[in-house]
Structure formats: structure tokens, C-alpha cells
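Line by line, the protein sequences give chains U and F.
Going by this note's numbering, the letters in the first sequence line up with residues 1 to 234, in that order.
Going by this note's numbering, the letters in the second sequence line up with residues 1 to 245, in that order.
There's no promise every hint is true.
FRET-style restraints, in silico, Cβ to Cβ [claimed, not checked]:
1) Glu72/U with Val124/F: 35 to 43 angstroms
2) Val124/F with Lys84/U: 56 to 64 angstroms
3) Ala57/U with Val124/F: 20 to 28 angstroms
4) Ala49/U with Arg187/F: 45 to 53 angstroms
5) Glu72/U with Ser126/F: 37 to 45 angstroms
6) Asn224/U with Val124/F: 41 to 49 angstroms
7) Val24/F with Gln78/U: 53 to 61 angstroms
8) Gly144/F with Ala71/U: 32 to 40 angstroms
9) Ala49/U with Glu213/F: 23 to 31 angstroms
10) Thr61/U with Leu25/F: 43 to 51 angstroms
11) Gln204/F with Thr173/U: 27 to 35 angstroms
12) Ser126/F with Lys84/U: 54 to 62 angstroms
13) Glu46/F with Thr61/U: 18 to 26 angstroms
The set of hints was computed from the structure by calculation and includes no laboratory data.
Please read these numbers as outputs of a predicted model, since none were measured by experiment.
Ideal Cβ placement from N, Cα and C applies to all residues, glycine included.
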Amino acid sequence: MTRGADQPNRTIRLSSRLTVAAVAGLLGVLAVGQLNGQAGVPGLSNLSATELTQLIANLTTGNDQLRDEIAELGRQEQHLADVKNRGETTVGELTSDLDRIRAWAGLSAVRGPGIAITVRGPIGGDGVEELLNELRNAGAEAIAVSDVRLVAGVVVAGASGSLSVGNQAIGETFEIRAIGSPQILTGTLTRTGGVIAQVGATYPDARLTVTPADSMTLPAADGNLLPTYAKPRL
Amino acid sequence: MTTLVARFRGLPSVQVTLAIALLVLGFLVAAQIAAEGPRIRYSTEERSPLIETSLGLQTQQEALKAQILELRGRIGALEAADPGAADSLRRLYAQLEDARLASGLIAVTGPGIAFRLQDGNAGVDSRVTARDVRTLIEELWLAGADGVAVNGERIVGASAVIDIGGSTLINSAYLAPPYTVTAIGPRDLYDRMLASASFVQFVQTRIEPAGIELGVAELETADLPAYAGTVNLRFAKPLGSEGPP
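Chain F on its own, in the form it takes in the complex (with noise of 0.2 angstroms):
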């Protein structure tokens, strides 16, 4: 035992380097070798050019949406360039941006509150639904939040979360598990939610018995995008506006 002990401090310490660094390169490959299993046999199915068309179709959105920030951003910025001397045109440049922060095409910032929920380890009954994330919403705006997103996607009146897979789709936008709830609100937005019998209940008979993991961070300062969707209404007429029948 001393031998060895003394025959392995003779070593070098280049080779001892080399050999532990030889190892982590052997654990390395074998997991990337492990790694590309599954995609090796999605290739040879037909879910390979659907992954690919999903991916192609979520880049073209996320380009989309970003478009449709900058130009209600310089939209914004042309009503708000010399709005004149008359206090009318003033008002209706206050009052268009007063309804542009009410319904979420600002993003704004303040105290808050985030939430993520992960999957279980438990299988499919572990899994976050569309609808665990939508009580989780509801339940932020029971206690009085402000405005809500979900991984970055703004909740507005018109938003639905619609389950696809172990997935969400929130304003047409695919989601995958964990989901960040985050929200702005009263600084007791939390001891509020707990003060909440349904919370309470949604966490006691769904969250626990699923083994969902539910973590919460209160937050100094939260900060929630705009909303990047559509606001053109096709069947609905402002009441007055409606054209000839």
C-alpha cells in the first residue's frame, strides 16, 4: 500500500492531469453519444420534418411579434411628436396611452411576484397542465396582481392557454414546462394568495398530490413585456362605429 501510495506520487503531475482529464472526456462522449439516441431515431420517423417546421414556424413568430413592437413604437412615437397647442389633441394622446397601459400593449414594471412550476417526476399526472397555469393566473388576479405573463408571453383579455403535448400554447405561442408565472402587484400579492382559500386548495389538492414543484420568489422589481399580438377585431364594432347595416 505504501508502494503504491509512493509510486503514485512519483508521477508526474502532467500525466495525472491528462488521465483525469481523459476520463471526463470519456464520460463526455458517452453521454453525447447517449444524447443523440433519441434524435437518431427521430430522424427516421416522420416527426422529424414536423419538429423542424415547428421550430422554422416559431422563428418566423418571434420575428413577427418583434416587428409588431417597433412599429407600434414608432406608431407611438409619430402621435406623440409635436401634438400641437390644442389641449384636445393632448387628451386624445393621454388618453390613447392610458388605454394602451390598461390593456397591456406596455410593458411596464414594479413590485411583483414569480412563480415556476416544473413537472414532477411522476409521469403524465406530474405534469403542469394549461390548466394549473391558468388557475395559477387566476389566482394572482384574485389576489389583486396587476399584470401577469407567462414565460414572457403578456396575459391580456384575449389570451387563452390551451394545452398541446406537455406543453402550452399562450397567445399562439408555443410554451414549454417550467413556467414562469410572473406577476406585478401589491407587495403582499403573496401573503395575499395565501390568505386565499382556493390558492390554498389548488396547492393542497393538485400541487402536492401530483408532486408538482411549485417554487415562489417575491421580487423587488418585476418586469412584464408588452403584449405583441394582434388588436384587430374582425366581428367586433365599437358601439356608434358600426357602418351602414
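Next comes chain U alone, as it looks inside the complex (with noise of 0.2 angstroms):
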């Protein structure tokens, strides 16, 4: 009679334990699918559909440069096996590369087409930074300020009047060269509300002028850069 009574008692026991369990589950499906949600395309849905297409632009033509390294890379790689395999010296292939990082890195001269952009006048060390974001921007190549080349670690800083690049102080009129094409360099610097016109509306008293060049040549970086604290992680 005793187990006749418990039999209902468990079977509805039961049935809650279970109903529990399925709202639990379906609880731990929403939690982590609002998280999923919060997580998701972070900022792009704040952008409008100018700035979504600016971005589009700039990750296609990303995209298209890192396959011609991935291509450049393959060459280099399947070259580098065919000379070690026909057992012969790699030291043009080292050299070759050497050169090649090198230049990239601002650790050689180089010399190619490009623009020079002279400024005259008091203008501080942000502005000057904005011109040359720009030009990174627009694909300059290689960049010097007065003769000093641009690198890693090197900044314009300073006020109007005790500007210096690197250790080195600059006046009040010098040239920033950048190696790339003249045209593109020109253009983005120079188009209607570009990057001039916004330093210019900053600093009224500066002149600044783009001249483009056929051929210049621009100086190594002085020292050998490497990190001081940095190591390699292996």
C-alpha cells in the first residue's frame, strides 16, 4: 500500500525534474545565443552605407596586395627549394631578399618617382604626422623628412617652432619626400578637403606645397634598428 502511495509522488517528481532540465537547457541555447549576438560584427553595423563601401574598397584592394605577396612568396619559395635541390649556393636568393627587406624596412637608400611636399611657416608636430599618415595611406613607399628616413619608431613631434624628427630638430621650412606614384600621392593629398586643406585650416600661417618628381633618392635610417627589449618568440 506504502509503494502504491510513493508510485504517483515520483512520477510527478520525475516529470518536474525534467521540466526543470528543459527549461534550463533552453535557457543555456538563449544565454548563449544573446551572447553570440552581442559579440557579432563589431562596429559594422554602425557604419552607413558610404563608409561600409569606403571599407569594402580599402579590404579589396588590401586583399589583392597581400595575394601578390602570397604569390611573390611562392615563387620565392619554390625557387629557393629548386637551387638547395640542384645543390647549389643560395646566396643570390639570401641577397636578393636581404635587398629586398631591407629597402622595405628604411635600412637601404632607395631612389624611384614620388612627391616632394615643402613646408614653410610655423605648424605643429601633429599636423605633420597627419601628412604623413596620409601619405602611408596612400601608398608611399618610402618616406624621409627632412633626409630622415622615416621608420618605425621615428616621430614628428613638437610645437610650432621646435619641431624635430627623430633626435634631429627641423625648422621652420623643410621637405617631407615620399616614394611612390606621383599621381596617387598628389591626388589623395591634394583632392577637395584632403588631408592639405584640413592642415592648412589648422595651421593658416604654414604653405605647403606638392611638387611631384620623376626619380629622387632617399637616405637608410641611421642605426640598425633592431629592438632593444624585443625577442624573438619562438
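Hey, can you piece these two chains together into the complex? The hints should help.
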């Protein structure tokens, strides 16, 4: 008799547990969905259609450059493997790779077409850095300010009248030279509302002149640029 | 009141648990529906395919960068293998490794610092801009940093930081706030920054008035990734290697 009375209670307890388990499972799924929903597409949904189009153009160009790099690296790997298989020395390949990396990194002097921006008058380091950032964005491959080659870590800083690049003081008249496509660099800098106009508005007493050049030589950066505190991650 | 408490205590624990769980469930369902709102709105506008295209391109970019790092690793291994007895070849390989290290083509580790820049709550003016990120990077360089990365993008000589809406593009990679700017440098890197008039001015005249959140952590070990972009030069030729005019 006692066993018979316990049976329905057990059934009720079991069904209650199953219900709680089902609700808990649903809760888990919803919580994960909620978290994923918040983590997805950070920032993209805040962009306007124009900004998204600009982003797509940038990503497309960037990806094309990456594909070119992959193709070049693929050729380089194949050539290196062939040379090794033939038992020949790899001096030529290593030298060529070294020349390419040193030129890109600013460790060796380079020559090519580009533009020169002549700055006359008072301008702050922030204004010059705006110009340099736009040059990099427009594809400048090498830049020098007052004949100091710019590499990672070299900054143009200071207030108007006390500018310096690296540890070198520069006056109120100096030249920024950049190697790259003269048409693209000139067009990007001088377009309506572009960086030349913006910097000109911030520093109205500074005169900025952009001149394309068929060929220019930029010096190598000073020193070996090896990091002091950063070590290769193995 | 005493009766109510007694009745509540008399409820089976399973029912109480179930009631709480259902309450939370209701809250989550409501939150989920609210979160779906903007997406439904976007799907009816022209932005939806643009967002999808952007996401696809970003995924492609990540895969391409991974491929570049893998290829560079394989080339490095081929160059390092069996350098032979010739000192000249070993010296050449050492120079190549130094050039890669100096230019950010190798992932590095060392003592460092990490800043976190996050949008404030005061609208457009308290958004972190590309210029804010650039200023912080410049201050790190001026204080003696050896290497810098932003949200996993290594900063090299060719890196531009540009605005795109409330986000930025660095090395052609789309980065959204919050921005983690990590640097390797001397152990007193942060003290040096605090002693820099331009960094203090940046914090006092831009970060604080705009309500931008700036956090900092000094790290025993900071890791910076290798630069995974292109190093091909189309216009600049190393001096002495130009072809015939």
C-alpha cells in the first residue's frame, strides 16, 4: 500500500525534474545566443552605407596586395627549393631577399618616383604626422622628413617652431619626400577637403606645396634598428 | 504576512526553482527580441549586403595573412637549413634575420605595457578616433618602445591608421573599438610616458574632457605578432639595384 502511494509522487517528481532540465537547457541556448549576438559584427552595424563602401574598397585593395605578396612568396619558395635541390649555393636568393627587406624596412637607401611636400611656416608635429599618415595610406613606399628616413619608431614631434624628427631638430622650412605613384600621392593629398586642406586650416600660416618628381633618392635610416627589449618569440 | 511566509515555505523547492528559471527565461527572450530589432531593420536596408561583403572580405584577409606568415616561415626554414660551411653564407643569413627582426616581420616578446582605449558614453565626441590611436602609438615610440601592435596588428613603418566611421583601418585590417595598444619596451615605459608633457597634454586635453576610457596595464611579458602585410616595393628600388634607365 505504501509502495502504491509513493508511485504517483515519484512520477510527479520525475516530470518536475524533466521540466526544470528542459527549461535550464533552453535558458542555456538563449544565453549563448544572446552572447553571440552581442559579439558579432563589432562596429560594422554602426557604419553608414558610404562608410561600408569605403571599407569594402579598402579591404579589396588590401586583399589584392596580399594575394600579390602570396604569389611572390610562392615563387620565392619554389626558386629556393629548386636551388637547394640542385645543390647550389643560396647566396643569390638570400642577397635578393635581404635587399628587398632592407629597402622596405628603411635600412637601405632607395630611389624612385614620388612627390615632395615643401612646408614653409609654423606647423606642429601633429600636423606633420597627419600628412605622413595620409602618405602611407596613399601607398608611399618610403618617406623622409628633412632627409631623415622614417621607420617604425621615428616620430615628428613638438610644437610649432620646435619640431624634431627622431632626435634631429628641423626648422620652419623643410621638405617631406615620399616615393610612390606621383599621381596617386598628389591626388590623395590635394583633393578637395583632403589632408593638405585640413592641415592648412589648422595651421593657416603654414604654406604647403606639393611637387611631383620623376626620381628621388631617400637615405637609409640611422643605426641597425634592432630592438633592445623585444626578442623573437619562439 | 506570517501566513504568506508559511505558504511560501510550504512550496516544493522544484516549483520555486522552476518559477525563477521561467522568470530568467522570459527576460532572455525579451532581450533576444530587442536585440533582433536593429538586425531586422538593417536587413531591409541596403547596408545588409554591404555588411555581408565586408565580413566576407575580412575573413578572406585573415586567411591570406595566415598564408603569408606560413609561407614566410617555410622560406625562413629553407634559408636556415644547411647554410654550409661558408662563413659568408652564415653571415648573410644572420643579416637577413636581423633585418626581419628590425622591420617587424618576426613575432616578438618582452616586457611591456598595454593600453585600452574605449569609446565613452557622451556621443560622437567621446568616440576613439584614428588620431587618438595614432597619438598613443607616437607617445609610445617617443617613450622608447621597441614595437607596438593594435588589436593584433603590428605597427610598421608603412602602417597608416585611418578613420572609417567609428572604427579604424590599420594595415588594411578593419578594427573596431575597444583598442588594445600593446608595446614592448623598457620596464619604466609607463613612467617615461607620464613624464612626457605631450602624453600628459593628450590625456588632459583630449581623453578626459571627451570621456574616453583609457586603461593601462604594465605587463611582465607582452607578445607582438609579426607583420603579415606586403613588403613588395613597386616604385622604390634599393640604390644600386635599379635596372637600365
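Checked hints:
Between Glu72/U and Val124/F the beta carbon distance is about 42 angstroms. The supplied range of 35 to 43 angstroms therefore holds. For the hinted restraint 56 to 64 angstroms between Val124/F and Lys84/U, the CB-CB distance of approximately 57 angstroms keeps it satisfied. Under the hint 20 to 28 angstroms, the C-beta atoms of Ala57/U and Val124/F, about 24 angstroms apart, fit the expected range. Taking the beta carbon of each, Ala49/U and Arg187/F are about 47 angstroms apart, inside 45 to 53 angstroms as hinted.
In this structure the hint that Glu72/U and Ser126/F lie 37 to 45 angstroms apart at CB holds, the actual value being about 43 angstroms. In this structure the supplied range 41 to 49 angstroms holds for Asn224/U paired with Val124/F, their Cβ-Cβ distance being about 44 angstroms. Hint check: Val24/F to Gln78/U, Cβ distance near 59 angstroms, so the stated range 53 to 61 angstroms holds. Range check, Gly144/F to Ala71/U: about 38 angstroms between beta-carbon atoms, so the 32 to 40 angstroms window is met.
Taken as a hint, the range 23 to 31 angstroms holds for the pair Ala49/U and Glu213/F, whose Cβ atoms sit roughly 29 angstroms apart. Distance hint for Thr61/U and Leu25/F: a CB-CB separation of about 47 angstroms, consistent with the stated range 43 to 51 angstroms. The hinted window of 27 to 35 angstroms between Gln204/F and Thr173/U holds, with their beta carbons roughly 31 angstroms apart. The hinted range of 54 to 62 angstroms is satisfied by Ser126/F and Lys84/U, whose Cβ atoms lie roughly 57 angstroms apart.
Range check, Glu46/F to Thr61/U: about 22 angstroms between beta-carbon atoms, so the 18 to 26 angstroms window is met.
Of the numbered hints given earlier, the model fails none.
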